[in-house]
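Make the full structure from the sequences, and use the hints.
Heads up: the sequence lines are chains A and B, in that order. Under the numbering used here, read the first sequence as residues 878 to 1148, first letter to last. Under the numbering used here, read the second sequence as residues 878 to 1148, first letter to last.
Incorrect hints may have been included.
[Said to hold, decoys possible] Straight-line distance between alpha carbons at most 20 Å, and here's what the computed EDC-like set of lysine to aspartate or glutamate pairs gives: (1) K1028(A) to E1121(B); (2) K1028(A) to E1053(B); (3) K1028(A) to E1096(B); (4) K1028(B) to D943(A); (5) K1028(B) to E1096(A); (6) K1028(B) to D992(A); (7) K1028(A) to D951(A).
[Claimed, not checked] Here chain B is said to cover these stretches of chain A; the calculated rule only asks that three of the stretch's residues, wherever they fall, bring their Cβ under 8 Å from a Cβ of chain B: (8) 1000-1014; (9) 1034-1040; (10) 1108-1121; (11) 1132-1142.
Treat the hints as calculated values from the structure; they're not laboratory data. Nothing here was measured: the structure is a model prediction, and the numbers come from that model. Glycine included, every Cβ here is placed at the ideal spot set by N, Cα and C.
Protein chains: 2
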Amino acid sequence: MAIRGGLPTESGAVGVEGPRLVEEALRSGCAVRAVLFSESGQRHHARFGTYLDRSRVAIPILHTTDRLFLGIADTEQPQGVAALVTPRTFSLADISASGVAGAAPLVVVLVGVQDPGNVGTILRTAAAFGATAAVTAASGQGGTASPFSPKSLRASAGAALHLRLLAGISLPLLLEEFRAREIRTLASSSREAQAGRGPLVAPWEVDWRAPLALLIGNEGQGLPEEIASSADAAIRIPMSASVESINAAAAAAVLLYEASRQRRSPARQIP
Amino acid sequence: MAIRGGLPTESGAVGVEGPRLVEEALRSGCAVRAVLFSESGQRHHARFGTYLDRSRVAIPILHTTDRLFLGIADTEQPQGVAALVTPRTFSLADISASGVAGAAPLVVVLVGVQDPGNVGTILRTAAAFGATAAVTAASGQGGTASPFSPKSLRASAGAALHLRLLAGISLPLLLEEFRAREIRTLASSSREAQAGRGPLVAPWEVDWRAPLALLIGNEGQGLPEEIASSADAAIRIPMSASVESINAAAAAAVLLYEASRQRRSPARQIP
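This is the structure:
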């Protein structure tokens, strides 16, 4: 059953479950193929009224029993509502030209981030702090978890459906595109010690107003050495000596916050 | 078996598992009651040599079979090494006088944070960004997950053993202590809309060099209304209009990073 999978089916559709994610899917402007209610899930219908009752859209509404819904649900305590949605698709050109309203592109690139909860949390933070696009890519060690898996989608609170998102691109191709479009690449690290051979800068020493791509590596290994050392700069988040590293999603939040802080200020500040 | 529990036993001891956490326990200066190796876990012994072989300490070393270890282990793929450790205990006065090396106290207060992964991640971030102490307290809706549960300890990467940490204190008592010691309280929120009735400030508008306590609320409900409105200030992390909230641990990381950024700078900056 497609609702269960979470990963895009052959048709490119993704299953989302629970009132919050279904609402985000309807709100996102993505094509919603169907909405499914169980008997007890029917109570959520009113919440989606403004989307489902608009005359110009005709979203098929399906009904099932609570027992059947339980069988296809991915969560432990299903709330009786799910939808099948087709995420928008974006090209590499859409990503590198993603600057909005006069702001330069700020692209978040996940390279071998394995935990679906981290992938979702980073996308949620990226959307909150004004990243203009996100990309997932494999590192030499392994792929990035799908942003459309049930766990990623829940952690992203639906942000994966709102962002300009390109999943599963080849890293060399992506880096070549950034070079051609003059988008600077920043290698980030959640570890104090680990960093590339480029200049090491603190987050507040970066000019985040420029066209930028922020590369975020694997939770344990970080970015592959050759990626970190070929980046235009490597960011080191200063930490207490007693601490070796912080959580990958926490590190991403810190960097994207710093970008947002600078982009909201009238003039660049380096304290 | 005490190793399994993770929660302090009657003796106040906590079980920690895996080479990384055992090393953190030995490094923390907490009293380690025993270290347990399974047959295959014995290969980690050399890693702890500097701690276990010091003549002035006599930590009992226990041995067991792989099969018995599996039975008491909390993780799915146990690595064959565990320890029983007694966390240091701190008084309320230790917490409010926790400023170090000329820096004012920066106390992180978790109020009803339910997810043990979030509790651990926030403590790890707090240690990384120079918080001087941490406290867990219940909100009206429910308690904060134990920082010494196996999942919290893993997420904290052992930071719970390094920090000045006071677990499970009464919130009114704590707030009274802060008032008496002239420690300002900041109510944080991971939601754009939700905040107390005090002045709403952006993270960069706060003077983080002052003696401060940062109050972090429940993942879904945030801080209880009466706590948020009685705080000296409420912090709002500016976000894109399309995003309702960010993950509670991500929000904490952002605020503690901002504190660290300001405390490292030679003079206060408000961009």
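What are the numbers of the hints the structure violates, in ascending order? Structure breaks hints 2, 4.
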